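**Q** This is what each chain is made of:
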Amino acid sequence: MENHSLVGLSRQIAVSRELDVVANNIANVNTTGYKSSNTVFHEFLMPGARSNQFRGGDRLVSFVQDRATWTDFSQGSVQPTGNPLDVAISGNAFLTVQTPRGERYTRNGALQINSQGQLVTSEGLQVVGTSGPIAFQPNDRDISIGIDGTISVREGQNTTDAQRGKLKLASFAAPRLLQKDGTSTYTAPAGVTAQEPSPDAKVTQGAIEKSNVNSVTEMTRMVEITRTYTQIAQILQNHSDMRRTALDKLSEVPTS
Amino acid sequence: MRALHTAATGMKAQELNVQVISNNIANMRTTGYKRQRAEFQDLLYEHVRRVGTQTSDQGNQLPAGIELGAGVKTVGTPRLMTQGSLVQTGKDYDVAIRGEGFFQITLPDGRTAYSRDGSFELDSQGRIVTAQGNVVNPGLTLPQNATSVTINAQGQVSAAVPGNTTPSVIGQIQLAMFINKAGLQGIGDNLYLETPASGAPQVGNPNQDSFGNLQQGNLEQANVEAVSEISDLIAAQRAYEMNAKVITATDQMLQSTSQMLR
Numbered sequence: 001m002e003n004h005s006l007v008g009l010s011r012q013i014a015v016s017r018e019l020d021v022v023a024n025n026i027a028n029v030n031t032t033g034y035k036s037s038n039t040v041f042h043e044f045l046m047p048g049a050r051s052n053q054f055r056g057g058d059r060l061v062s063f064v065q066d067r068a069t070w071t072d073f074s075q076g077s078v079q080p081t082g083n084p085l086d087v088a089i090s091g092n093a094f095l096t097v098q099t100p101r102g103e104r105y106t107r108n109g110a111l112q113i114n115s116q117g118q119l120v121t122s123e124g125l126q127v128v129g130t131s132g133p134i135a136f137q138p139n140d141r142d143i144s145i146g147i148d149g150t151i152s153v154r155e156g157q158n159t160t161d162a163q164r165g166k167l168k169l170a171s172f173a174a175p176r177l178l179q180k181d182g183t184s185t186y187t188a189p190a191g192v193t194a195q196e197p198s199p200d201a202k203v204t205q206g207a208i209e210k211s212n213v214n215s216v217t218e219m220t221r222m223v224e225i226t227r228t229y230t231q232i233a234q235i236l237q238n239h240s241d242m243r244r245t246a247l248d249k250l251s252e253v254p255t256s
Numbered sequence: 257m258r259a260l261h262t263a264a265t266g267m268k269a270q271e272l273n274v275q276v277i278s279n280n281i282a283n284m285r286t287t288g289y290k291r292q293r294a295e296f297q298d299l300l301y302e303h304v305r306r307v308g309t310q311t312s313d314q315g316n317q318l319p320a321g322i323e324l325g326a327g328v329k330t331v332g333t334p335r336l337m338t339q340g341s342l343v344q345t346g347k348d349y350d351v352a353i354r355g356e357g358f359f360q361i362t363l364p365d366g367r368t369a370y371s372r373d374g375s376f377e378l379d380s381q382g383r384i385v386t387a388q389g390n391v392v393n394p395g396l397t398l399p400q401n402a403t404s405v406t407i408n409a410q411g412q413v414s415a416a417v418p419g420n421t422t423p424s425v426i427g428q429i430q431l432a433m434f435i436n437k438a439g440l441q442g443i444g445d446n447l448y449l450e451t452p453a454s455g456a457p458q459v460g461n462p463n464q465d466s467f468g469n470l471q472q473g474n475l476e477q478a479n480v481e482a483v484s485e486i487s488d489l490i491a492a493q494r495a496y497e498m499n500a501k502v503i504t505a506t507d508q509m510l511q512s513t514s515q516m517l518r
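Read top to bottom, the protein sequences are chains A and U. Residue 176 in our numbering sits at position 176 of the first sequence, with consecutive numbering throughout. Residue 486 in our numbering sits at position 230 of the second sequence, with consecutive numbering throughout.
If we strip away everything but chain A, and leave its shape as in the complex, we get:
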């Protein structure tokens, strides 16, 4: 195979992987608290035997490599739901949840109460408070969640508020280092530690944060991907035609 086929192939592989990322974004366009992923490409220069000393020396062949995906942690739009157990977080902060594999972080604030009265995510993972799990009494009513995550209720016929804990918000100096876990949670890899919530972090009760996927951008990217892919396929096709014509012409034996 010649270089042009390999260069084309490298681009096609990269582009089809970008489509996978775009497809995942579009599939999660309605997922609460989802943050969109993006791809980064870089040029990969072919190493190996070549000589640059001659005049008009060998040109370096460059390939495309998909180097990374990064998560766009920008704010998603906040949709009011009127449900007292829905919280939307704005700013650089995550809810901390307890999973069987340790603490994880999420922006999905569609919370619920389980049969033990504990505050859990829609998957049943316990929401961690600043002082342990958050649990409600059976006769608690009028749950209210403050701007800093403080949870207060009215117990029975009491007219004064009772505290039920405070949501443990976690901020990260570099959220891009977080790893997507699926199930709307993020893992902090080794060396990345959660810090006190940043001052811009704010909890809004009765609303959820929608996915931050911008459908127009994703559709545009998808058109670009399809066009690039077909274009390269066309180029490869042309090259192969050229080669075939060359072979045909060169193999013609003069009759005279």
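One or more of the hints may lead you astray.
[Unchecked claim] Straight-line C-alpha distance at most 30 Å; calculated DSSO-like pairs for lysine-lysine:
# : chain 1 : residue 1 : chain 2 : residue 2
1 : A       : K166      : U       : K268
2 : U       : K268      : A       : K249
3 : A       : K202      : U       : K437
4 : A       : K210      : U       : K268
5 : A       : K210      : U       : K347
6 : A       : K210      : U       : K329
7 : U       : K329      : A       : K202
[To be verified] Now the stretches of chain U that chain A is said to cover, found in silico as 3 or more residues with beta-carbon under 8 Å:
# : segment
8 : 319–325
9 : 433–442
Simulated from the structure, these hints should not be mistaken for laboratory data. It should be emphasised that the depicted structure is a prediction, and the values quoted were computed from it without experimental measurement. Ideal Cβ positions, reconstructed from N, Cα and C, are used throughout, including at glycine.
Please build the complex by placing chain U on the supplied structure of chain A, with the hints as guidance.
**A** For chain U alone, coordinates are given in the frame of chain A:
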């Protein structure tokens, strides 16, 4: 290509979303109906290059890895148990709960179901029953000659009998409360059943402790808001279309690949 399957999960999720929304809209005028909401989460990720991997002896680290997601999944369709607005009907046996609590209904097989629908009737024996004829717990029987019935905010049922100046107390309607009312299982007919997720019911008199009070001559309407349902429906439909477009795009790419070979 993975994108095909990813888009398929998106289409399935949005189809379910439309189903949930259409059920909400269909039950917009159902007494005591509580709307549901489809909750989605992203599926698994394949970490092709893991973020933070050491890339040299000097301890350089990858600032970002490659994560490829596999789409979306539905985690549940929880009910939003918020109060519906009360509408006055003037009917004696219409009762609405203002606040927490469920009516206890005895099913024909002896189980107890729970309901927010208080559009009750009398059966031939003078018992207070639901519109389906199930007895409201604890079975209260009105005297045959009762002229009017009063259900007060505390759930006390009293009937006026001709010849008697003071109405006689017949019984007490009790309500049940759950720690996780969203965990109740809907069985249709405006009824819910207790589940391990909901916890055990706590029974008490209305207007006491955290229980809500009863409003005779009122019914609780569904808590469905037409505007938010319609806007959710539009969002779901567009998301479905976009996922379909991803499938078309993938198909085009595969087609151009297969055409390369002649």
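**Q** So, for every hint listed, does it hold in this structure?
**A** Here is what the structure says about each hint:
no. : hint               : in the structure
1   : K166(A) to K268(U) : violated, 37 Å
2   : K268(U) to K249(A) : violated, 54 Å
3   : K202(A) to K437(U) : holds, 28 Å
4   : K210(A) to K268(U) : holds, 19 Å
5   : K210(A) to K347(U) : violated, 43 Å
6   : K210(A) to K329(U) : holds, 16 Å
7   : K329(U) to K202(A) : holds, 28 Å
8   : 319–325            : holds (count 7)
9   : 433–442            : holds (count 5)
Hint compliance for this structure: hints 1, 2 and 5 are not met, and every other hint is.
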